[in-house]
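J.: What follows is each chain in one-letter form.
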Amino acid sequence: MSDVLLQVRDLHVSYGSIHAIKGISFDVRRNEIVSLIGANGAGKTTTLRAISGLAGFKGSIRLDNHDLSQIPPDKRVKLGLAQSPEGRGVFPQMSVLENLEMGAYSRSDRDGIEKDLRRCYEMFPRLKERRSQMAGTLSGGEQQMLAISRALMSRPKLLLLDEPSLGLAPLIVAQIFEIIKQVHSEGMTILLVEQNARMALKAADRAYVLETGKIVLDGRGQDLLDNDEVRRSYLGI
Amino acid sequence: MQDFLQHVINGLSLGSIYALIALGYTMVYGILQMINFAHSDVYMVGAFASYYAAKWLGIENQPGLMTLATLLVVSMLVCSLLGLTIERLAYRPLRKAPKLNILITAIGVSLFLEYTGQIVFGADPKVFPEVVNDMVLADFGRLQLKSSDITVLIVSLISMVALQFLIHRTKVGRAMRAVSQNAAVAAMLGVNTDRIIAFTFVVGSSLAGVGSVLVGMKYPKIEPLMGMMIGLKAFVAAVLGGIGNITGAVLGGLIMGLSEEMVVAYLSSTYRDALAFGLLILILLFRPAGLLGRYQMEKV
Numbered sequence: 004m005s006d007v008l009l010q011v012r013d014l015h016v017s018y019g020s021i022h023a024i025k026g027i028s029f030d031v032r033r034n035e036i037v038s039l040i041g042a043n044g045a046g047k048t049t050t051l052r053a054i055s056g057l058a059g060f061k062g063s064i065r066l067d068n069h070d071l072s073q074i075p076p077d078k079r080v081k082l083g084l085a086q087s088p089e090g091r092g093v094f095p096q097m098s099v100l101e102n103l104e105m106g107a108y109s110r111s112d113r114d115g116i117e118k119d120l121r122r123c124y125e126m127f128p129r130l131k132e133r134r135s136q137m138a139g140t141l142s143g144g145e146q147q148m149l150a151i152s153r154a155l156m157s158r159p160k161l162l163l164l165d166e167p168s169l170g171l172a173p174l175i176v177a178q179i180f181e182i183i184k185q186v187h188s189e190g191m192t193i194l195l196v197e198q199n200a201r202m203a204l205k206a207a208d209r210a211y212v213l214e215t216g217k218i219v220l221d222g223r224g225q226d227l228l229d230n231d232e233v234r235r236s237y238l239g240i
Numbered sequence: 099m100q101d102f103l104q105h106v107i108n109g110l111s112l113g114s115i116y117a118l119i120a121l122g123y124t125m126v127y128g129i130l131q132m133i134n135f136a137h138s139d140v141y142m143v144g145a146f147a148s149y150y151a152a153k154w155l156g157i158e159n160q161p162g163l164m165t166l167a168t169l170l171v172v173s174m175l176v177c178s179l180l181g182l183t184i185e186r187l188a189y190r191p192l193r194k195a196p197k198l199n200i201l202i203t204a205i206g207v208s209l210f211l212e213y214t215g216q217i218v219f220g221a222d223p224k225v226f227p228e229v230v231n232d233m234v235l236a237d238f239g240r241l242q243l244k245s246s247d248i249t250v251l252i253v254s255l256i257s258m259v260a261l262q263f264l265i266h267r268t269k270v271g272r273a274m275r276a277v278s279q280n281a282a283v284a285a286m287l288g289v290n291t292d293r294i295i296a297f298t299f300v301v302g303s304s305l306a307g308v309g310s311v312l313v314g315m316k317y318p319k320i321e322p323l324m325g326m327m328i329g330l331k332a333f334v335a336a337v338l339g340g341i342g343n344i345t346g347a348v349l350g351g352l353i354m355g356l357s358e359e360m361v362v363a364y365l366s367s368t369y370r371d372a373l374a375f376g377l378l379i380l381i382l383l384f385r386p387a388g389l390l391g392r393y394q395m396e397k398v
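Keeping their order, the protein sequence lines are chains E and F. If you read the first sequence in the numbering used here, its first letter stands for residue 4, the second for the next number, and so on. If you read the second sequence in the numbering used here, its first letter stands for residue 99, the second for the next number, and so on.
Mixed in with the good hints, there may be bad ones.
Pairs of lysine to any residue residues, derived as SDA-like cross-links and limited to a Cα-Cα distance of at most 20 Å, are as follows [to be verified]:
hint: 1; chain 1: E; residue 1: Lys160; chain 2: E; residue 2: Gly83
hint: 2; chain 1: E; residue 1: Lys184; chain 2: E; residue 2: Arg209
hint: 3; chain 1: F; residue 1: Lys197; chain 2: E; residue 2: Gly19
hint: 4; chain 1: E; residue 1: Lys217; chain 2: E; residue 2: His22
hint: 5; chain 1: F; residue 1: Lys269; chain 2: E; residue 2: Ser109
hint: 6; chain 1: E; residue 1: Lys81; chain 2: F; residue 2: Asp292
Since the hints were made in silico from the structure, they are not lab data.
The task is simple: from the sequences and hints, build the whole structure.
T.: Structural data, given as structure tokens:
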């Protein structure tokens, strides 16, 4: 078992004539939180779309030593990939419980699913209170909690988080990052994509800075927080 | 009063047929945001499948529950297969194309089926086999419960309850709703969206199959263009209820059936078809999202 869970090499993604990702390489090791930060349009979400199979790509993406290039999105879940998508993507007209059950779609071990549901409710009592409510009626923060727990319901090896702080009040953002740290402390490997560079760097073991489709900087989260370039461009100091 | 009740029963029985067909439109719309114009022709093929099956099995003059069940099964099977084939060959290759392309393709498939039907089955009307014994089950003078109307009501009710169960109580039903609400996220969670879309066509088409047997029983004259008018009306019913909304399709179908019956009874049968399209104009003017539909707000 190798140390590297996700290996991305020379990744290119194009939308028609737009070359959105121009040959990036990075690794996510087991039990790490790795952050991918960058401005709007830098290619963060596109990178995740390539990993989860919603965008075609050139180059190589390997998850746990499986080549993902020929594997359709729904099969990648079985390999241990789960995502909380940008804008949370909860199913608005399904109940909280049904959303969570959708997270466990690829599983058939009923007892295990029951157990994970209970665990999820322990971790997020708020979701338990609202389990029969339509997910569309939840607040943004609650929807984000739901999106993360829904992703965890597949018992993934790698959790992809796409802009979990998007559109949330600062206090709620802090809560969400607490949750991320807690999930990580239980052994989850996380690839975090964020515009909120400060929070993302603080939470991360390592981080990559993406600018117009290329990685321009990488290093330990704390080191990047202290980096002058990053401070000027992303932290506004 | 008894007259009125009789009209209510007739209207409900006609309306539940509209509802069955409307469900197919609304389910496909819900999941692909397209109007499957070929749906009404799938229904037509279902009617002919039952016609030939009855002939072949020699049960065209043996009305009864066995015949009803046999024809329902045949019609549902043939319609499912046809729906599945249309989806696979005509619509799936256009999944990433602009919505207009797939709409035009649907019209093409519809014309193809209608005119192939005329070549294969012949353009002259055929007489649908006798499905149930035509008799009066209960006679209250001017109010009569006829076996055909009761059969229509019972079979439609069973189909709709089964559909409700499928959509709300099963894993595949949950996946259908998930795909209709956000296909990309559903795929991300491990749903094979192509398979779910195909399954939706199977379910919608088999409801059309049920509808074709019920219509054949009530109005036993079938011909290759028989789907056009009823298809349009069922489509109006789906829009009336709020297209994409399952309960809306049933509601819309019943309203259409009842009001058509009332128009014929109390105004003039000349206005039978005008009513459907009058309703369509009204709903588009005053409540374009339909009775139970909601305006979808794009969220950022």
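J.: Confirm or reject each hint.
T.: Results of checking the hints against the structure:
1. E:Lys160 x E:Gly83: Holds, at roughly 5 Å.
2. E:Lys184 x E:Arg209: holds (14 Å)
3. F:Lys197 x E:Gly19: holds (19 Å)
4. E:Lys217 x E:His22: holds (11 Å)
5. F:Lys269 x E:Ser109: At roughly 11 Å apart (the allowed maximum being 20 Å), Ser109 of chain E and Lys269 of chain F satisfy the hint.
6. E:Lys81 x F:Asp292: Holds, at roughly 17 Å.
Violation of the numbered hints given earlier is absent; every hint is satisfied by the structure.
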